Amino acid sequence: MTILPTKMPQARQPITLQINGETRELQVHPWTTLLDLLREQLELTGTKKGCDHGQCGACTVLIDGKRINSCLALAITKDGCEITTIEGLARAGALHPIQEAFIEHDAFQCGYCTPGQICSAVGLMEEGHARSREEIRELMSGNICRCGAYTNIVDAVESVLEDSVL
Amino acid sequence: MKRFSYLKARGVAEAAQALAADPQAQIIAGGTNIVDLMKYDVTCPDTIIDINGLDLGDIAVVEGSLRLGALATNADTAYHEAVQSGWPLLSSAILAGASPQLRNAATNGGNMLQRTRCYYFYDPSTPCNKRRPGSGCGALTGVNRIHAILGTSESCIAVHPSDMAVSLAALDAVVSVEGPDGQRDIAFEDFHRLPGDHPEADNTLKRGEIVTAITVPANQFGQNHTYLKLRDRLSYAFALVSVAAALKLDGDRIGTVQVALGGVAHKPWRRKDVEAQFVGQPANRETFVAFASALTEGAKGYGQNDFKLDLAPRAIVRALEQAAAGTPQSQIHKVVA
Numbered sequence: 001m002t003i004l005p006t007k008m009p010q011a012r013q014p015i016t017l018q019i020n021g022e023t024r025e026l027q028v029h030p031w032t033t034l035l036d037l038l039r040e041q042l043e044l045t046g047t048k049k050g051c052d053h054g055q056c057g058a059c060t061v062l063i064d065g066k067r068i069n070s071c072l073a074l075a076i077t078k079d080g081c082e083i084t085t086i087e088g089l090a091r092a093g094a095l096h097p098i099q100e101a102f103i104e105h106d107a108f109q110c111g112y113c114t115p116g117q118i119c120s121a122v123g124l125m126e127e128g129h130a131r132s133r134e135e136i137r138e139l140m141s142g143n144i145c146r147c148g149a150y151t152n153i154v155d156a157v158e159s160v161l162e163d164s165v166l
Numbered sequence: 001m002k003r004f005s006y007l008k009a010r011g012v013a014e015a016a017q018a019l020a021a022d023p024q025a026q027i028i029a030g031g032t033n034i035v036d037l038m039k040y041d042v043t044c045p046d047t048i049i050d051i052n053g054l055d056l057g058d059i060a061v062v063e064g065s066l067r068l069g070a071l072a073t074n075a076d077t078a079y080h081e082a083v084q085s086g087w088p089l090l091s092s093a094i095l096a097g098a099s100p101q102l103r104n105a106a107t108n109g110g111n112m113l114q115r116t117r118c119y120y121f122y123d124p125s126t127p128c129n130k131r132r133p134g135s136g137c138g139a140l141t142g143v144n145r146i147h148a149i150l151g152t153s154e155s156c157i158a159v160h161p162s163d164m165a166v167s168l169a170a171l172d173a174v175v176s177v178e179g180p181d182g183q184r185d186i187a188f189e190d191f192h193r194l195p196g197d198h199p200e201a202d203n204t205l206k207r208g209e210i211v212t213a214i215t216v217p218a219n220q221f222g223q224n225h226t227y228l229k230l231r232d233r234l235s236y237a238f239a240l241v242s243v244a245a246a247l248k249l250d251g252d253r254i255g256t257v258q259v260a261l262g263g264v265a266h267k268p269w270r271r272k273d274v275e276a277q278f279v280g281q282p283a284n285r286e287t288f289v290a291f292a293s294a295l296t297e298g299a300k301g302y303g304q305n306d307f308k309l310d311l312a313p314r315a316i317v318r319a320l321e322q323a324a325a326g327t328p329q330s331q332i333h334k335v336v337a
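Residue numbers (the working numbering), protein chains in the order written: chain A, 1 to 166; chain B, 1 to 337.
None of these hints come from the bench; they were simulated from the model.
Everything numeric in this text was worked out from a predicted model, so none of it was measured.
For every residue, glycine included, the Cβ atom is placed at its ideal position computed from N, Cα and C.
Mixed in with the good hints, there may be bad ones.
Partial chain A-side listing against chain B, Cβ under 7 Å, derived [unchecked claim]: (1) 69; (2) 72; (3) 77; (4) 139.
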C-alpha cells in the first residue's frame with residue numbers, strides 16, 4: 001500500500017490571462033512564476049531572467065498597465081490579469097515610441113536588460129511621476145544594466161517624455 | 001522552491017481560519033518578499049493562502065485619520081493625494097525604499113511583515129536563530145556591517161528592513177488585525193518586537209491573525225519633517241541608518257518631536273521617554289546633538305557595524321535640522337541638504 005503524504009502539492013490549476021491582447025486559458029502549478037510561465041510554457045522569451053530575485057529588473061512586464069518584476073509574481077495569483085510583455089508593445093508593425101527611442105539613442109549594448117528596461121520605461125511614462133532627468137534616473141533604478149548604458153537609456157526615455165509633454 | 005498547495009481565500013475570516021489551522025501555511029499578497037524567500041528555501045510553506053482577492057485595498061481619510069488598507073500597494077499609497085498632502089513623511093519613506101516595480105506589487109501589510117535581509121537569515125547553510133531557532137547566530141562575530149546596534153540580544157542582531165515602517169512608527173500608526181479570536185488594534189510600537197530569546201518572532205501577531213489596515217492619526221507637522229536614508233548607493237538599497245523625524249515647533253522651541261530610526265534595530269527604534277524630555281527646549285543644533293545622544297543611548301557595535309555608532313547620531317542631528325528648517329530630504333535629488 002502506498003502511503004501518501006497528508007498534503008499533496010496540487011496539480012496544475014486553470015487560470016485565464018490576457019497576454020498581449022490575447023486570452024489564454026492556462027494550466028499552472030501554484031509555484032510557477034509569471035516569468036517562468038511566459039518563457040517556458042508560452043515561449044515568450046523576450047522577457048529575460050536575470051537575477052530571479054527582484055533585484056535586476058530584467059523580467060519587468062506590465063500587469064494591468066503597471067510594471068512589476070515577473071520573477072516575484074506567482075502566475076496563479078494573477079488569474080484574470082492583463083499582461084503586456086516586450087512582444088506586445090509594437091502596434092500594427094510599428095514599434096512603441098520607447099522602442100524607437102532606444103534604437104535612436106543607442107540605449108543598449110548586450111541587450112539582455114533591454115526588454116525589462118523598455119517595459120519599465122513604458123510603465124514609468126504611464127505613471128506620470130517623472131518630469132526631469134533626475135526623476136527618470138531615480139524611477140528607472142529598478143533596472144540594472146551591467147554594460148552601463150544608463151546615460152543613453154536616460155536619453156531615450158527623456159526624449160519620449162519630452163515628445164509626450166509637447 | 002519547495003512545492004506547495006494553493007488556497008484562494010474568499011474572506012478575511014476564511015484566510016485567518018486556514019492560517020490558524022495549519023502551522024505550515026503562509027499568506028501571500030504582493031509576494032515580493034515571500035516568493036524570494038521561498039526561492040532560497042528560507043521559508044517553505046506547505047500551503048500558500050492568497051488574500052489578493054479580499055476587499056482590503058482602500059486608502060481613505062476617515063475622521064481626520066489616514067486609513068490604509070493592508071492590500072493597498074506601496075506605490076498607490078505613496079502617490080495618493082491625501083497621503084502626499086497630510087502624511088508626506090509616510091509618502092517620502094515609501095519612495096525611499098525598493099524600486100518602482102516592487103512598490104507597484106508590494107502591499108502595505110506585506111511591507112511591515114517583510115523579513116530581515118541579514119545575510120545569515122537568507123542562507124540556509126549557515127546558523128540563524130531567526131530562521132532555525134537554537135542554531136546560533138552567524139552575524140554576531142561574522143559579517144555584520146548592516147546589523148543592529150540597539151536592542152540586540154545574544155541570539156540575534158538582525159535589523160528590520162522596512163522604510164515605511166520607520167515612518168509609521170514616528171507617526172504613531174495603529175495596526176488593525178483580524179484572527180480567529182476576532183479583531184484588535186495594535187499600537188505600532190507594540191507591533192514589531194526586539195529579538196530577545198525569540199528572534200524567530202518579528203512581531204506580536206498571534207497565529208492566524210492577518211493585518212487588515214493601518215491607521216495613521218492626523219498631525220500638525222506641516223513641512224517640519226524628513227525621511228533621511230543613508231545607504232551604500234543612492235537608490236534601491238536598504239538603509240544602513242535612516243531617520244524619520246517630525247517636529248511641531250512652538251516659536252523657536254520644540255513643541256513636539258517624534259523620531260524613529262531604521263537600520264539600527266530589530267524594529268523601528270523610538271524612545272517616547274526621550275522625546276518628552278526635549279519638549280520646550282530650543283530647536284537648535286545643540287539640542288539636536290543632545291537628543292541624538294539620548295536616543296542612541298546604550299548602542300553597541302559588533303565590529304563591522306561600529307561605524308553606525310557615529311553615523312546614527314549624526315544622521316539624527318541632520319534629520320532634525322532638515323525638519324526644523326522645513327526642508328524635507330528629497331528622494332530624487334539625493335544630496336543631503
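How the hints compare with the structure:
no., hint, verdict
1, 69, "5 Å, holds"
2, 72, "5 Å, holds"
3, 77, "5 Å, holds"
4, 139, "5 Å, holds"
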